[in-house]
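Visitor: Residues per chain are reported as follows:
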Amino acid sequence: MKTVFVNPERCIGCKQCQIACAVEHSQSKALYQAVFEEPIPRPRVLVAPGLYLDTSFPNKCRHCDPAPCMTVCPTGAISRDMSMGIVLVDEQKCIACAMCAMVCPFDVITFYTMWTKLAAIKCDHCIERQSRGEIPACVEACKTGALVFGDINELVKSARTKLAQSLSVAVIEMDSETARIPAHVEAWRSMGEAVSTIGVEE
Amino acid sequence: MANKKDLSIQRSVDPATQYMLRIAEEQNIETAWDRLEAQQPQCGYGELGLCCRHCNMGPCRIDPFDETGPQKGVCGATADTMVARGLLRAIAAGAAAHSDHGRDIAHTFLLTAEGKSGGYEIKDETKLMALAKEYDIKTNKRSKEEIALDLAHAIHNEFGNQTGPIRFTRRAPEKRVALWEELGIDPRGVDREIVECMHRTHIGVDHDYVHIILHGLRTSISDGWGGSMIATELSDVLFGTPQPIKSMANLGVLSKDMVNIVAHGHEPTLSEMIVAASQDPELVKLSKEKGAEGINVVGMCCTGNEILMRHGIPIAGNFLQQELAIITGAVEAVIVDVQCIMPALPDLASCYHTEIISTSPKAKFPGATHIEFNEEGALDIAKQIVQKAVENYPDRDPDRVNIPNEKTEALVGFSVEAIVDALGGTLDPLLDAIKSGAIRGIAGVVGCNNPKVRHDYGHLKLVEELIKNNVLVLNTGCNAIACAKAGLMLPEAAEKAGEGLKGVCKALGVPPVLHMGSCVDISRILVAAAAIANALGVDISDLPVAGAAPEWMSEKAVSIGTYVVSSGIYTVLGTVPQVLGSPNVTELLTAGAEGVIGATFAVEPDPEKAAALMIQRIDEKRKGLGI
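Going down the list, the sequences are from chains A and B.
Residues 1 to 202 in the working numbering are what the first sequence spells out, letter by letter.
Residues 203 to 829 in the working numbering are what the second sequence spells out, letter by letter.
Isolated chain A, as found in the complex (with noise of 0.2 Å):
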C-alpha cells in the first residue's frame, strides 16, 4: 500500500504543502491563476501547530481500510477507488450531514462551499496525479522530507524509530543523535520549547 508518510519531526511548519494542495485541486494548476478562481480551490493537507512552538504536523487523510466516514455516510457520497485504495468523496452526492467528520479519526474532514452547496473536502491522494505516475503534490512541495511517499511498510521500516511515531513531545526530548536533525534545528526548536514555556504559570 502506497501512502504519505509523515516525519513530523522534519516539518518546519512551512505550509508549502498546503499550498502546493490547493493548487493541485484548482482548476488552472497554477498558483497565479488559481488565487483568482471561484470557487477557491482549498488545502486538504493541513499543517497543526504541535504543543510547543516551532513544532507541527501535517495532517491529512490517511485512507483508513475499513475507512469509517466511508462507514457512516448515509448518502453513498464516500467510496473507495479499488485500484489504488483511495477514500473518495462525491460532492454531488454528500449533504454535508459532518457524521464523517464526526467518527474520523484525524480530525482531516472539513467543510466548503464548493459551487452552489455545502460539501465534506478532503484529501484524494491526488488519484489524478498517481494515475499518471506522479507523487502526490504535498510531498513534492515538501522540501524537509516531512512528508514522504511510499511504500508503507518500506517506509515504516526505514523511519522504525520511536520518534518517528511521536510528535512534538518527544521530538523535543530526542538527543541529537537519534534525532537525525542537525543541530541548529535541533538548538532552534528547544528555543521554541523555551519561549513558549518560561513564566507561564502551571
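FYI, nobody ran anything at the bench for these hints, they're computed from the structure.
A couple of the hints might just be wrong.
With a Cα cut of at most 25 Å, we get these calculated DSS-like pairs of lysine-lysine [unchecked claim]:
#: 1; chain 1: B; residue 1: K663; chain 2: B; residue 2: K704
#: 2; chain 1: A; residue 1: K29; chain 2: B; residue 2: K811
#: 3; chain 1: B; residue 1: K811; chain 2: B; residue 2: K823
#: 4; chain 1: A; residue 1: K143; chain 2: B; residue 2: K654
Given chain A's structure and the hints, the job is docking chain B onto it.
Guide: The following block gives chain B in isolation, referenced to the frame of chain A:
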C-alpha cells in the same frame, strides 16, 4: 546525449550558451538552471508576497486559499499591507543599489577634482560644463578642476538632501514635475527616501497600501532621476560620453591564446582601470613570458556594458552566462565589484584554474581572492590584479578549454548625445519620423536574465516583434547584451524592421535597436523621453512609448520598473512580481495607477503578446496626439 541537448535548448536560445550548458552537463558542473530546478516548487507564500519577516512576532503568512486560515499577521497586517510593504522594501533595495553606485562614481569624481585619484581624469569637458550650468555653478574664468570641485560637492549633497528637489528631476517635463508635486511624491533626497522606506515598513508604521506604494514611486524617482542619473552623468564626465563604436559580443570573444580577464559587476571605476592596466607594456610583456599572446579583457553584465560603450571592449555575455564563462576553462580571472555577481562563482572556479578576484569594500565572496580597490591607488591596484591574472595563465589546462565559436559584431554606444549627433544635431528628424508614422513609437527594453524564462528568448522575441512593427528599441543591461549577441545591433538588422523603421535606420546608418548602456543608463532613456516630450510640449505619458523587462529578476529591476511607470511610461513585465497575493495592490499597479500617474504595469510572460500590448499602447498614444 539527445536528452542533454534538448535540455540545453530548453534553457537558452543562445547557441553559445547551449554549447556551454552541454559542456557543463558532461563535466557534471552545476549552474543556476540546476539550482532553480532544485528549488522547485518554490514557496507559494513568497511568490504571492504573503510572507512577512519584518518582526519577531512572525514570520507571518496569510492563507490565500482558506479564509479560516490566517488572514492577518500577528500585528494585524492584511494581505494588502504585507504585499505593499514587501514591494516597498524591494524598491528600497533596488534604489539603494543604483544610488550607491552613483555615490561611488560621485566620490571618484570628487577625488579627481581634488587631484587625489590615481589615474582618473575629466574626459568630457563639454558635459562637465553643461552639468555645471544645470547646477548654477559659475564657469567663467575658472579652471575645470575648480568647476568640477563645486559640481562634485553639489552632487554629493543630493544624497543627503533633506528638502528636495533633486536637481536632475527637473529635466522631466513641467507637467510631470507638477504631477509629482501634487501627489507628494517629488523626492526630497536620494538617501532620505530609501531610509524612509525602511522606516515605513518597520512593524507598526505605514499600513495603507496606497500610501505605501506612493512612497515607492517617490523612492524610485530618486533612483531613476537621481542616483542612477548621477551615475550616468558623472561616468560620462570621467570616462567620456559614449559614441557609436563597433565591437563583438558573446562567449566567443574569449581567446584561446591570450590571458582572458572577465570584468564583471557594475561600476566603471574598476573596469576602466582594468582596461588601462591590461594595456600596460610591462604586463603585456609578462603575459608573453608566460606563454600567452597578450591580454584579452572582456566584459560581463553591466560593467561590461560600460567599457563596451566607451572603448569597444568585447562583451562575453549577460547575467546567466557568468558561470559559463568560467566553464570554458579559458578564463584566468573574473574580476568583480558589486551587483548581480553570483556567490556560486568561487566554488565553480575551484573546478578550474580561474581566480575570482573581489575588489569592492562592500562585497566579499567566500572562496575568492580579495584585492581591495580604491580610487587613490586605482591604476596600481588594477595592475596588481591584472598581474595576478597573467601569472595564472600557465595553470590553464588546454585540454579543458571549450570556447564556443559564437561572437557577433555590434554597433553600440548610443548615448543621447550620440543619437542627437546621428540625427544631425537635432531631434527633429526623429520627431518627424514619429509624426509621419515611419517610426510608430519607441520602446525601452531592459532588465536581467532569469532562469525561469528561457535565456534570451523573452528579450529577443519581444525586440524582434517590436522592430518588425516599426517600434524603435532603446535598450540597456542584459537585454542589450542579448540583442548584441543576436546581431540586432548591426545597421544590417534594419532588414528585420518594418518598412518605416528600416528606412529611417538606413538613412541614418544605425541599427533598429540602440544600445544605451548599463542598467543605471536607463536614466539616458528617461532623458531621451523628456527631451522628446519637451520638444512636443507634452508630458511623457502622452508619448507613443512603452517599456518592458522581459526576463527581470533583481530588486533593481523593481525600482526601475517603478520609476519608468512613475515617469508616465506603460511597462510590461515578463516575470511575475511578488504581489498577486493582494488583489487590491495588483489592481492598483495594473489599472488604478493609470488615473494617478498616467501609466501602469502589465504582466505578460509571452513576449509576442507583450509586444502586442506595447504596440496597442503606442497606438493609443498616437491617437491621443492626433498623429
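Visitor: Does each hint hold? Answer for all of them.
Guide: Against the structure, the hints:
1. Restraint check for K663/B and K704/B: the C-alpha separation of about 18 Å stays at or below 25 Å, so the hint holds.
2. As the CA atoms of K29/A and K811/B are separated by approximately 22 Å, the hinted pair is consistent with the 25 Å bound.
3. Distance check on the hinted pair: K811/B and K823/B sit about 19 Å apart at the alpha-carbon level, within 25 Å; holds.
4. Between K143/A and K654/B the CA atoms are separated by roughly 19 Å; this keeps the pair inside 25 Å, and the hint holds.
Taken one by one, the earlier hints all hold for this structure without exception.
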